[in-house]
Amino acid sequence: MIERQEKDRISRQEALSLLRKADLLGLGMWADIIRKALHPEEICTFVVDRNINYTNVCINKCTFCAFWRDAEDADAYLLDRETIFRKIEETIALGGTQILIQGGLHPSLDIFYYVDLLRSVKERFDINVHGFSPPEVCYIADTSDLTIRETLSILKAAGLDSIPGGGAEILSDRVREVLSPKKIKSSRWLEVMEAAHRLGMRTTATMMFGSIETPEDIITHLEAIRQLQDRTGGFTAFIPWTFQPGNTELQARGKGQGAKTFKVQTPATAVEYLRVLALSRIYLDNIENIQASWVTQGLKMAQVALRFGANDFGSTMIEENVVASTGVSYCVTKDDIIGSIRSAGFVPVQRDTHYNLLRFF
Amino acid sequence: MITSIREKVLAGKRISEEDALHLFESDDIFSLGSLASHVAHRKNGKKAFYVRNRHINPTNICVNRCKFCAFSRSKGQEGAFELTIEDIIDKLGRGKREEGKGKDSRKAARPENRQADLGFTEVHIVGGLHPDWPFEHYLEMLSSIKKTFPKLHIKAFTAVEIDYFSKISGRSLEDTLGALKKSGLGSMPGGGAEIFSEGVRNRLCPEKISGDRWLKVMETAHRAGIRTNATMLYGHVEDLSDRVDHLSRLRSLQDRTKGFQAFIPLAYHPKNTEIAGTYTSGIDDLKTVAVSRIFLDNFDHIKAYWIMLGEKISQLALLFGADDIDGTIIEEKITHSAGGLTGEKLTAEQLVNLILKAGKVAVERDSFYKTVRMYR
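In order, the protein sequences belong to chains A and B.
Each residue of the first sequence is one higher than the one before, counting from 245 in the numbering used here.
Each residue of the second sequence is one higher than the one before, counting from -17 in the numbering used here.
Derived from the structure by calculation, the hints contain no laboratory data.
Hints are not guaranteed to be accurate.
Distance windows between CB atoms, simulated [stated by the list, open to error]:
(1) A/D596 x B/P188: 48 to 54 Å
(2) B/E118 x A/D267: 51 to 57 Å
(3) A/T327 x B/K327: 36 to 42 Å
(4) B/G27 x A/Q257: 29 to 35 Å
(5) A/R393 x B/G27: 57 to 63 Å
(6) A/Q257 x B/E0: 42 to 48 Å
(7) A/D314 x B/L338: 37 to 43 Å
(8) B/G341 x A/K280: 23 to 29 Å
(9) A/A320 x B/K352: 53 to 59 Å
Cβ atoms here follow ideal geometry from the backbone N, Cα and C, with glycine treated the same way.
With the rest of the complex left out, here is chain A (with noise of 0.2 Å):
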């Protein structure tokens, strides 16, 4: 844990004005410094995981998101088990540690279907199951009438080890009121977060940035995630990421009627995404780890990215379904994530869940 210190702390205003005014290379100047004094030892860490979405019915719809599917689609599917267990023997052959289970809200699935899984999944294979976000977990919590802390208690009793920071997206309810109305307000996104970290659960927290959200709501967001930091410790990582308007329904609307509304003014470009990791790296003085996405900016901005606050490649993702729906794909093997975290000048490391270093590169 890093310690926290009150004076040297730089407050909601400050960082606003950072993120309206800085300059940029000053910014990730800074950013850097407290990078390295957080991880001396010139390392980028990185997991072998693959993520198993298990299914893409969800009656979130959320407006910019490309994935989601109504259970009636044709495209519209299920996970069976003998996939999901093909899928992680090839995750465990490629030398993973972690499976990344994340889907859509599902209306005919509940805990017992859950219970199930993560049991079925534990029996066969000794792997850390990071899974469920917090939408799924209020989900399910909602649909079998039990309380997050009581959901939270049986899925990690059946085996689920950590939590994924995705949902979050901005913690406004502002912003969420347009961009996913029936997805859970901020407040029940940091409650389960909070009752995993009390549970003794790690989890990692996010941030989808780049659609309607003002830089007050990106200050919001930050502040959420460092007083509850301050009251658990237990974020591993926090991953800001933009949002990827293709094929998305926010796309579509901000172009028709409701325009004013829905106005992405453009897509994040390179200039904005190292601001605000760099701004993320400065204010959340408490967490660990920045982690650089690769998924949304490529592995030269990854690269760069190591020198504006980040210090871990996250995911090798040996199977990505989600971004890719918005028709942003990078073709990245493990050897293209050695290789670029080695040329950015860093030795490459590979991690656990945990980020216990397992392997040097």
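Chain B: place on chain A using the hints.
Showing chain B alone in chain A's frame:
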């Protein structure tokens, strides 16, 4: 960052080759970027340029088979292509026809409106060294384009092609360039420079003209009043001192002729080439832009060619000393043959957005960096 280099640059003094090597070796990308930005600002203020242009490759059939190239084919080989002059005119006119749909076609047909109609002000033409086409074919290509689109600027033929034209026509370089200019050549791109260092060049492209010959062609073009660009292909088998040597030879020639408009560092792409290897790192790309800006004190412009660097790194390069991101392109074959990671075109609107979001003033330029329009 080494203080003495910084002081030199801030005082407007030239840095040495040794200094440039130190800069390449430094990992202080922030000081490097800020120093390069300082130089860029001195030259061009807050301006960052783009051009509405279109690329045309008349053929990929080439008698040279450079090992870093995935574009070239031999005659008769699968994938080899040749465009006729009519094909080229047709491609160029396509934007005009599409634009003309549903609009006042009579107005569009007036000669004075032809250029605005095309959607671009410059055509960039480079191609393989075709074994059979006579020199006259190239002259006719230029004059036919000029006849159909009188206001379109033609930027065409690398030094490698010019040298080849001189060989196949038996003319001197002066005569070759003179005839091309008379037929409509407006300026020349900077390709084919690769890396001048003889050792590296022999490994990469033994059949291609030497670095000295490349420089000789450019010198002759400049003396004939033809402005050109200059490039450097980096990130393959060269080392940092080869890069500095390359930049230094360009700087010396520019001292003599002042004929180069922009320097364009080109990041090597490894796919489908004989030497393979890896993509350059984003950090190396930004450093190379910055060191070029600082070292080439007699070049007005440094171009971050987005096709080769990607839109994202090109945009960042504007904060590392570049003042130009090239243009709309529309169709790109050479980089895309080798695993180009970008699309083939960007709209003017997208280019303006990238520039404005980098905090610069977006300037649409003509082929000689005159302002066409400006966005703040």
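A quick look at each hint next to the structure:
1. Between A/D596 and B/P188 the C-beta distance comes to about 49 Å, which sits within the given range of 48 to 54 Å.
2. A beta carbon spacing of about 55 Å between B/E118 and A/D267 agrees with the range 51 to 57 Å that was offered as a hint.
3. Under the hint 36 to 42 Å, the C-beta atoms of A/T327 and B/K327, about 39 Å apart, fit the expected range.
4. Separation of B/G27 from A/Q257 is about 32 Å and conforms to the stated range, judged on CB atoms against 29 to 35 Å.
5. Restraint check, A/R393 to B/G27: a C-beta distance of roughly 60 Å satisfies the suggested window 57 to 63 Å.
6. The given range of 42 to 48 Å is respected by A/Q257 and B/E0, whose C-beta atoms sit roughly 46 Å from each other.
7. Distance hint check: the CB atoms of A/D314 and B/L338 are about 40 Å apart, consistent with the given range 37 to 43 Å.
8. The hinted window of 23 to 29 Å between B/G341 and A/K280 holds, with their beta carbons roughly 26 Å apart.
9. Taking 53 to 59 Å as the suggested C-beta distance range, the pair A/A320 and B/K352 conforms, at roughly 57 Å.
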